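**Student:** Chains as they are written, first to last, in full-length UniProt numbering: chain A, 1 to 307; chain B, 1 to 307.
Everything labelled a hint here was simulated from the structure, so no lab data went into it. Please read these numbers as outputs of a predicted model, since none were measured by experiment. Note that the Cβ used here is the ideal one computed from N, Cα and C, for glycine as well.
Here are a few chain A residues that face chain B, going by a calculated C-beta distance under 10 Å:
hint, residue
1, E53
2, I60
3, G108
Distance windows between CB atoms, simulated:
hint, chain 1, residue 1, chain 2, residue 2, range
4, A, R165, B, Y101, 28 to 36 Å
5, B, W156, A, N243, 53 to 61 Å
6, A, G129, B, P103, 45 to 53 Å
7, A, E88, B, G203, 25 to 33 Å
What follows is each chain in one-letter form.
Number of protein chains: 2
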Amino acid sequence: MMDTSVIEIRRLPNYQLVSTTDFFFPLVDDPFLMGRIACANVLSDMYSEGVTEVDNLLMILAASIDMPPNCRDIVTWKMIEGFRSLAEEAGSSVTGGQSIYNPWPIIGGTAMSVVPKERVLMPTGAIEGDVLVLTKPLGTQVAVNAFQWINIDERWSRISDVVSREQLERAFDISAMSMERLNRKAAELMWKHGAHAATDVTGFGILGHAEALARNQSESVSFVIHTLPVIRAMAGVDAKLQNLFRLVKGRSAETSGGLLICLPKENVGAFCSEIYEAEGWPAIVVGTVEGGDRSASIAADVEIKEL
Amino acid sequence: MMDTSVIEIRRLPNYQLVSTTDFFFPLVDDPFLMGRIACANVLSDMYSEGVTEVDNLLMILAASIDMPPNCRDIVTWKMIEGFRSLAEEAGSSVTGGQSIYNPWPIIGGTAMSVVPKERVLMPTGAIEGDVLVLTKPLGTQVAVNAFQWINIDERWSRISDVVSREQLERAFDISAMSMERLNRKAAELMWKHGAHAATDVTGFGILGHAEALARNQSESVSFVIHTLPVIRAMAGVDAKLQNLFRLVKGRSAETSGGLLICLPKENVGAFCSEIYEAEGWPAIVVGTVEGGDRSASIAADVEIKEL
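Isolated chain A (complex conformation) (with noise of 0.2 Å):
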C-alpha cells in the first residue's frame, strides 16, 4: 500500500517515477476555490511520500451537460484558473490534460515526479515509541454538506439546535482553506525531523488511513489515536445526525486532508512549531506507536479537541 505509484525508471536504475491520479466531483460552489481542492487533493498523495517536487501535473476535466453552455464555460474556465493557481503556487506546472462533457462535472488529475531513490519516504518505517501527528482539523465532510443545509428547511431543522449559522459558515470557511493549503510543507518537514512513515487522511478517514499504514509497516507496531482534533461544532452536528458522518468514529471522508505522520517523540516539538510558524495553522499530535499487530484503533477515551 502506498499513496502513489513508485516505480523504477529502466532507464534510470537510481531514480524512480512517481505519480498519482485523482479525480472526483465538485463539493463546493465556488469553481475558482474546487479548482483550488482538486489540484490540493492531488498533490497531497505526493506529498504524503515526501516528494516535494512535482515536476507537472495534467488535468482530468469534465464540463456538465446539465448547465447552460455560458454557464457550463464560466465554471468550467474557473475551475482550470484554479487548480492552474494552486499548481503555480506548488511549484509545478499543468502541462496537458483532456475534457470531455459528462452529466456531472468532474475535476481532478495527475501528477508526476522524478525523483532519486532516497527522496521517496517509504510508508514501512514506524517504531514503538513514535508519536502520531496531523496536520489538518477532521471534520471537513461533515462541514461541507451541513452547509448545503442551511436553506433546506427540512434538513436544517435537524440540526439548527447544536449549532448556529455563524458556527456552520465558520466551519464551512475553515473547511475550505483546510483542503485548500498544501501539504507541501509538512512534507518538507517531515524529512527534515526524520518521520519514519506518513500517509494523507482522505476517504477512508482518519481511522481507515491509519488502518492502511499501520498494516504496512515492517515492524510489529499498532497506531493508538488519543486525541481527534475537529473543526469546531462538527462533533456535536454529526452526533445530532445520529453519527451519520462517524466523525468521533474516525470514519468521516475528508477531501485534501492532511498528512497523518509517525514522527520520533523527540522530534514532534521542533516539527509542530515549525509548521504553525510556516503555516499560520497547527498541526496537531494525535497519537501514539505501540508495540502491537498492525492495527489502528481509537482509545476508549479519545479526546474530542474543536478547533
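On the provided structure of chain A, position chain B as indicated by the hints.
**Tutor:** Just chain B, lined up with the frame of chain A:
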C-alpha cells in the same frame, strides 16, 4: 502543438518527462475490447512522438450508476482487464488509477515515460519532398456507428442499399482490430527510417491532424493528401448519409487511429514493407510534403482506396 506534454526534469537535465492523458465514453459493446482500445488510444500519443518505452500507466475509470450493480461490476472489471492486457503487450504496466461512479461509464488513462532528450521525436522537421504515410485505415467512426444501426430498422433502411450486413460486420471487425492495435512498431520504425515529424490521427480526422502538424513545421512546407485509405464500403455509407461524418473530407473522427508520418522519400519503401511484415497490416502512402504556407489540404482528384 505536441500530442503529449514534454517537460524538462529539473534534477536530470539530459532527460525529459513525457506524459499524456486521454479518456472517453465506451464506443463498442465488448468491455474487454473497449479496455484495449482505450489503452491503445492513450499510448498512441506517446508513440506519435517516438516514445516506444512507456514507463507506466494510471487508469481513469467511471462505473455507470445506470447499470444494475452485478452487470456494472462485470463490465468494469472486463474493461480493466482489457486495458491491463494491452498495457502488458506494450511492455508497460498499470500501476494505479482511480475510479468513480458516474451516470455514464468512462475509460482511459495517463501514460508517462522518462526518456533521454534525443529520444523524443519533435514534430517539426518535415521538408519538401517528404512522403506522408498513414499506418491505419480511416473510417472507424463510420463503421462503429453504422454497425449499431443494423438493429434499428428506421436507420438501417437508410443505408441498406449501399452496404450489406456482412460488409458492415466486416467493417466493424476491421475497425475493432485497428483500434486495439498499438502504434508501437510504427514508432520504432520511425526512428530506424529517419522520420521527420509525426502525429496520430484521432478526433479531428486525418485532415485536422495534418493541419495541426503542418502549422507546427520549422520549414515553410505544406501537406497535400492525394490518397485516403478507407475501410471498405464506409465511404459509400457516409455518402448515403449526406457526408454526415465527412469521411472523404478527411474530417471523420478516428479512435486510436494510425500515425501520420513524414518520411524521407527514399525510406518509404523499406518502412512500409517492414511494418507490413511485422504487423500484417499495410501502411499506406497518403500524400506529399511540398513547399507552402504550413497548411494541409486534400487534392481535388484524391483517390479513395478501399481496404
